[in-house]
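One letter stands for each residue in the lines below.
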Amino acid sequence: MTARSLRTWSWIHKWTSLVSTAFMLLLCVTGLPLIFHHEIGHLTGTEVEAPPMPPGTPMADMDSVVAAAQALHPQRVVQYLFRDPDETEQWTVSLNDSVVATDGAKYVAVDARTAKVLAQPVFDEGFMHVMLALHVELFAGLPGKLFLGLMGLLMVIAVVSGLVLYAPFMRKLEFGTVRRDRSARVKWLDLHNLLGIVTLVWALVVGATGVINTWADLVIKFWQFDQLAQMTAPYKALPPPERLGSLEQAMRAAIAREPAMKPGFVAYPGTLFSSAHHYAVFMRGTEPLTARLFKPVLVDAQTGQVTDSRELPWYVTALLVSQPLHFGDHGGMPMKVIWALLDLITIVVLASGLVLWTRRRRTSEVAVDDPLRVGASS
Amino acid sequence: MSAVPQSAGAKWRWPIVLGVASAVGLLSALLGDAVWDALSWLGLGAPVAVAVWFTWRPAPK
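Chains as they are written, first to last, in numbering that gives the first Met the number 0: chain A, 0 to 377; chain B, 0 to 60.
For the record, the hints were derived by calculation from the structure and aren't laboratory data. It is possible that part of the hints are untrue.
Keeping only pairs whose Cα atoms sit at most 27 angstroms apart, straight-line, the calculated DSSO-like set for lysine-lysine is [claimed, not checked]:
1. K115(A) - K261(A)
2. K335(A) - K144(A)
3. K294(A) - K105(A)
4. K105(A) - K10(B)
5. K220(A) - K261(A)
6. K186(A) - K171(A)
7. K105(A) - K261(A)
8. K13(A) - K10(B)
9. K10(B) - K220(A)
Build the full structure now, drawing on both the sequences and the hints.
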């Protein structure tokens with residue numbers, strides 16, 4: 000590498016890091032509890048466990064599941080039902096002032112086998128909500144998300160430029176060398192290089208998939224505009240139905256259409272994920288990967304007949320696949336622990352990078368080890 | 000510590016091994032459970048183990 004390109008890469012590494020480091024530290028710190036959000040939710044009571052019942056216990060009628068939630072909020076309208084792929088024995092029903100409202104939903108967790116209310120979880124307050132809001136959008140909505148995405152992009156560039164700089168900095172050192180007998184700065188430099196290079200692929204993947212996740216709102220909006228609008232086009236001119244038919248019947252029709260899949264999310268007629276005329280039943284697979292992907296099945300809310308169903312387009316698939324790769328929730332508890340350790344190591348990489356910047360050019364010893372100063376080409 | 004410049008192969012051997020291990024670890028848990036999960040723990044555990052070892056290993060001699 001020539002001295003000139005070394006200086007260019009060094010400049011890129013320094014500035015992309017300096018601009019993004021404070022935000023990356025925030026994301027690492029807030030991300031740490033989020034890795035365990037499921038476990039923390041169970042401890043604090045935000046998430047409840049349905050009581051164990053013998054396998055094969057029949058499921059309750061979906062209309063009675065919804066009725067149980069509706070009874071607690073008679074003035075509100077049902078918007079969505081969702082359930083975890085691992086906790087299929089309970090549905091969470093969201094109810095709001097209107098079908099199109101996006102804020103202020105109330106949630107009711109209902110046992111899918113008995114149609115009894117399990118809990119009324121509150122997702123928009125408390126410690127974990129603060130962590131999530133800071134991590135996802137800095138409490139600043141879509142602009143906050145897009146800003147963090149930009150910072151993530153800088154971080155990805157910082158990681159790549161760090162990889163380019165690794166070779167000249169390590170040209171005289173064996174892998175893993177940490178020189179403890181020299182100045183503190185040299186030790187920090189060695190730790191930065193060591194921890195940075197071993198976590199590189201993980202950091203790159205988590206960074207890039209995090210950036211993709213900041214576009215989630217836009218991707219979903221585009222899907223609604225692109226695919227959902229096409230699927231519901233034949234109903235566009237019709238007046239909205241006055242009475243909705245049975246959800247149970249609609250879900251049976253969706254399951255009959257995709258017998259190998261399980262419903263994971265239901266959007267009520269009139270919501271942003273459906274039309275005024277349809278129950279949109281989002282079916283998912285049962286394998287680790289396919290459980291992340293959804294296939295929408297639109298069911299006429301009056302006749303209970305399936306009217307359309309299609310595969311997700313590539314851009315929604317990309318978003319949904321990028322989520323586990325960012326969350327680290329696809330390999331059980333051991334993976335979460337490893338994810339947390341990698342997160343902690345990344346904090347050390349960020350902090351050591353800051354130390355190296357604040358202590359630059361203060362010790363003459365550095366010049367010997369710093370290829371930038373020797374103008375080395377290798 | 001060696002003062003002799005290493006060949007490119009030697010310099011990149013461990014970063015490449017750990018990078019591939021990380022990638023396998025990230026992806027295998029998406030492919031299945033049980034064995035695939037265990038493979039992902041090994042793959043992603045490797046960089047953590049290497050980081051811990053070289054950060055805290057006793058000074059030579």
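A quick look at each hint next to the structure:
1. For the given pair, K115(A) sits about 21 angstroms from K261(A) by alpha-carbon distance, which is consistent with the 27 angstroms threshold.
2. Under the criterion of a C-alpha separation no larger than 27 angstroms, the hint pairing K335(A) with K144(A) is consistent with the structure, at around 24 angstroms.
3. Restraint check for K294(A) and K105(A): satisfied, since their Cα atoms lie roughly 26 angstroms apart, inside the 27 angstroms limit.
4. Under the criterion of a C-alpha separation no larger than 27 angstroms, the hint pairing K105(A) with K10(B) is inconsistent with the structure, at around 57 angstroms.
5. With a C-alpha separation of about 24 angstroms, the suggested pair K220(A) and K261(A) falls inside the 27 angstroms cut-off, and the hint holds.
6. Distance restraint check for K186(A) and K171(A): the Cα-Cα separation of roughly 15 angstroms lies within the 27 angstroms cut-off, and the hinted pair is therefore satisfied.
7. For the given pair, K105(A) sits about 25 angstroms from K261(A) by alpha-carbon distance, which is consistent with the 27 angstroms threshold.
8. Taking the CA atoms of K13(A) and K10(B), the gap is about 23 angstroms. The hint holds against a cut of 27 angstroms.
9. Of the supplied pair hints, the one linking K10(B) and K220(A) is violated, its CA atoms being roughly 47 angstroms apart against a limit of 27 angstroms.
Violated hints, listed in ascending order, are 4, 9; each of the other numbered hints is respected by the structure.
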